[in-house]
Amino acid sequence: MKEFLEGSRAVAEAIRLCKPGVISAYPITPQTHIVEELAQMVADGELNAQFVNVESEHSAASVVLGAVATGVRAFTATSSQGLLYMAEVIFNIAGMRLPLVLTCANRAISAPINIWNDQQDSVSLRDAGWIQLYAENNQEVVDLHLIGYRLSEDKSIMLPVMVCMDGFILTHGMEPVDIPEQEKLDKFLPAYRPLYKLDPAEPLTMGLLADPDYYLETRFAIQETLKEALSFIPKISKEFYGVFGRDYKDCLIEEYFAKDAEKVIVAMGSVCGTIKEVVDELRKKGKKVGLLKIISYRPFPYAKVYEALKNVPLVAVLDKAVSLGAYAPLAIEIKATFFGKKKSPKVVSSFVAGLGGRDITLDSIKEIFRKLSQKEVNQEFIDLKPELLREEYGG
Amino acid sequence: MEDRALFKPGHTACAGCGQAIAAHLVIEAAGSNTIVVNNTGCLEVFSTRYPETAWGVPWIHSLFENAAAVASGVEAALIYLGKKDTTNVIAQAGDGGTADIGLQALSGMFERGHDVLYVCYTNEAYMNTGVQRSSLTPFAANTATTPTGIKSRGNITLQKPMPEIALAHGIPYVATCSAGFTPDLQRKVKKAISIKGPKYIQIHVPCPLGWRHEPGQTLEVAKLAVETGLYPLIEYENGVLVSRKTITPKPVEEYLKVQGRFRHLLDNPEAVKQIQEIAENNIKKYDLRSKEPKDN
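For the protein sequence lines, the chains are A and B, in the order given. 0 is the number of the first residue of the first sequence in numbering that gives the first Met the number 0; add one for each residue after it. 0 is the number of the first residue of the second sequence in numbering that gives the first Met the number 0; add one for each residue after it.
I should point out that these hints are in silico values taken from the structure, not numbers from a laboratory. The beta carbon of each residue, even a glycine, is placed where N, CA and C say it ideally should be. Treat the hints with care, since some could be wrong.
Once the Cα atoms are required to be at most 16 Å apart in a straight line, the calculated EDC-like pairs of lysine to aspartate or glutamate come out as [to be verified]:
#: 1; chain 1: A; residue 1: 258; chain 2: A; residue 2: 182
#: 2; chain 1: A; residue 1: 275; chain 2: A; residue 2: 306
#: 3; chain 1: A; residue 1: 286; chain 2: A; residue 2: 253
#: 4; chain 1: A; residue 1: 334; chain 2: A; residue 2: 306
#: 5; chain 1: A; residue 1: 258; chain 2: A; residue 2: 279
#: 6; chain 1: B; residue 1: 83; chain 2: A; residue 2: 279
#: 7; chain 1: A; residue 1: 154; chain 2: A; residue 2: 227
#: 8; chain 1: B; residue 1: 82; chain 2: A; residue 2: 201
#: 9; chain 1: B; residue 1: 82; chain 2: A; residue 2: 261
One side only, chain A facing chain B, incomplete, derived with CB under 8 Å [what the hints assert, rightly or not]:
#: 10; residue: 63
#: 11; residue: 155
#: 12; residue: 205
Build out the structure end to end from the sequences listed, making use of the hints.
The following block contains the structure:
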């Protein structure tokens with residue numbers, strides 16, 4: 000049964016179903032509603048969990064690290080500066096092969112301080128060894144959390160999962176969402192049975208020093224697991240479909256009228272909903288346009304992306320983050336997908352939009368389709384205000 | 000007697016390491032039903048170099064500053080599992096990991112009331128990285144980042160009063176110990192783990208490399224710190240001073256002269272006088288002077 004829920008409430012409902020024993024978080028906009036909802040569930044006795052109110056995001060991540068290491072499923076959520084403050088622990092959790100789900104309510108990075116949405120926070124932590132899944136709408140937000148725990152705790156994975164949802168757009172947006180029944184969830188996600196844990200009955204040392212004779216292999220092992228995850232995620236997605244009836248196909252990418260398209264935009268997150276609307280409108284006018292949505296940014300599904308785009312002549316990559324001083328992050332991946340390959344789009348143009356919460360409107364998307372031509376564009380910022388730039392430089 | 004060694008020999012600590020001695024005593028006193036969370040630092044490095052470990056208890060190291068927070072998570076998980084009453088949790092770190100980079104996490108752990116014993120092994124500088132000054136480095140000590148020179152007589156600051164900071168959180172147990180007074184150390188650890196809530200124990204552990212004394216002098220140097228009044232052994236329960244080690248104070252020179260880090264002071268009576276004043280203040284504050292007739 001569908002309920003009309005705020006995105007944050009929907010996350011909290013999903014987490015309640017997953018029954019974490021320890022929740023820890025620190026307030027930051029736009030994440031805060033999620034843990035407020037969870038705190039209320041604990042207060043009302045609807046969720047049996049230890050809720051640890053910490054003094055920083057660094058400690059929030061450390062508390063859940065300690066809890067998972069002790070053999071208990073855990074949850075935390077954050078945004079922006081909070082995620083960056085956690086960064087050290089984020090790398091640590093993956094390095095220690097501890098399963099966890101974290102919600103990142105995507106928000107811009109300071110300075111200037113800005114509480115609105117873009118994806119700079121999670122994208123900046125792409126190299127940490129986490130699986131990163133980006134949601135388009137709040138049903139996906141719910142489902143990716145459920146899939147996230149199932150993935151993370153599987154013996155073949157044992158890596159943390161970050162579910163990325165656009166701040167405000169999704170966290171504070173109201174949508175009809177189907178919250179699954181507990182029985183179905185229990186079938187899909189069994190109780191957490193740790194592969195290793197801190198237990199006086201079987202003493203184990205975790206987090207040792209690995210010198211140059213050993214360190215390299217630990218990184219290689221994570222890299223291999225993430226490669227294997229590219230075939231494991233589709234398996235879990237199929238299981239999910241079997242239990243809940245919602246089909247995310249391979250759950251790595253989603254193709255929307257991409258097969259026969261002459262122009263495709265590649266993007267992640269809620270902007271894909273906007274792009275779909277524009278695609279629908281332009282298709283009605285007979286224009287062969289499409290969307291390639293990236294769900295799994297890490298591991299990055301190069302082979303799937305290759306198959307999806309190899310016959311598309313013109314590709315635009317829309318980034319809601321930048322790698323200052325280099326190509327835009329998602330554009331780098333799409334370009335890398337085709338280097339040295341037999342087939343390739345003629346053009347891979349790169350656009351940056353929506354930073355710091357600047358609205359990406361239907362017109363913004365149409366402009367990208369318009370600008371996507373035989374002439375390749377590199378890192379064009381959409382909806383820039385030239386008058387502000389003139390002010391900035393006193394011109 | 001434990002049926003298994005909780006801290007095994009063969010680790011790679013330096014000869015005469017006060018922290019290795021103290022860590023062994025702590026875990027022996029705490030017993031096998033203990034989970035240890037360790038900050039980054041000497042102890043972590045010399046006891047858990049993959050593929051070997053010195054630990055016979057479950058032990059975890061995450062980062063430099065987060066042992067108190069990780070231990071909070073371990074404790075929360077144990078409560079969830081219904082195992083907290085039968086399992087001790089110890090978080091441990093050096094002075095830098097405690098009083099500097101880890102202070103925020105520690106304050107949070109205290110304030111939230113987690114049932115964790117936090118042990119700070121203070122060797123009064125960042126020894127693992129090569130003897131840099133921490134906020135527990137004593138006045139006038141020569142370290143790599145407070146070197147002596149034409150314009151410097153070493154560290155110019157007084158030590159951060161960690162036991163008082165711990166006490167100010169209203170936690171039920173705060174004590175100082177020394178590697179040189181082992182029965183006192185083990186009694187306090189046992190006492191601490193018998194009390195529910197956050198506990199803070201700070202152990203003075205000489206570092207032959209950083210303090211520049213002979214490895215064989217570790218216990219002697221540790222004892223001198225206490226006997227001069229520079230490192231008072233005190234114990235608080237619920238904010239009340241319940242025990243202190245009384246002394247017949249020795250002059251601080253006896254402590255200073257055996258350590259290379261203070262050698263530059265020997266021709267500097269003014270600085271020595273200032274350090275003697277620190278000792279006198281401690282003696283007065285904690286009423287350390289023995290009332291018994293002088294026995295030496």
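Hints and how they fare:
no.	hint	verdict
1	A:258 - A:182	violated, 38 Å
2	A:275 - A:306	violated, 20 Å
3	A:286 - A:253	violated, 20 Å
4	A:334 - A:306	holds, 14 Å
5	A:258 - A:279	holds, 15 Å
6	B:83 - A:279	violated, 58 Å
7	A:154 - A:227	holds, 12 Å
8	B:82 - A:201	holds, 15 Å
9	B:82 - A:261	violated, 61 Å
10	63	holds, 6 Å
11	155	violated, 23 Å
12	205	holds, 4 Å
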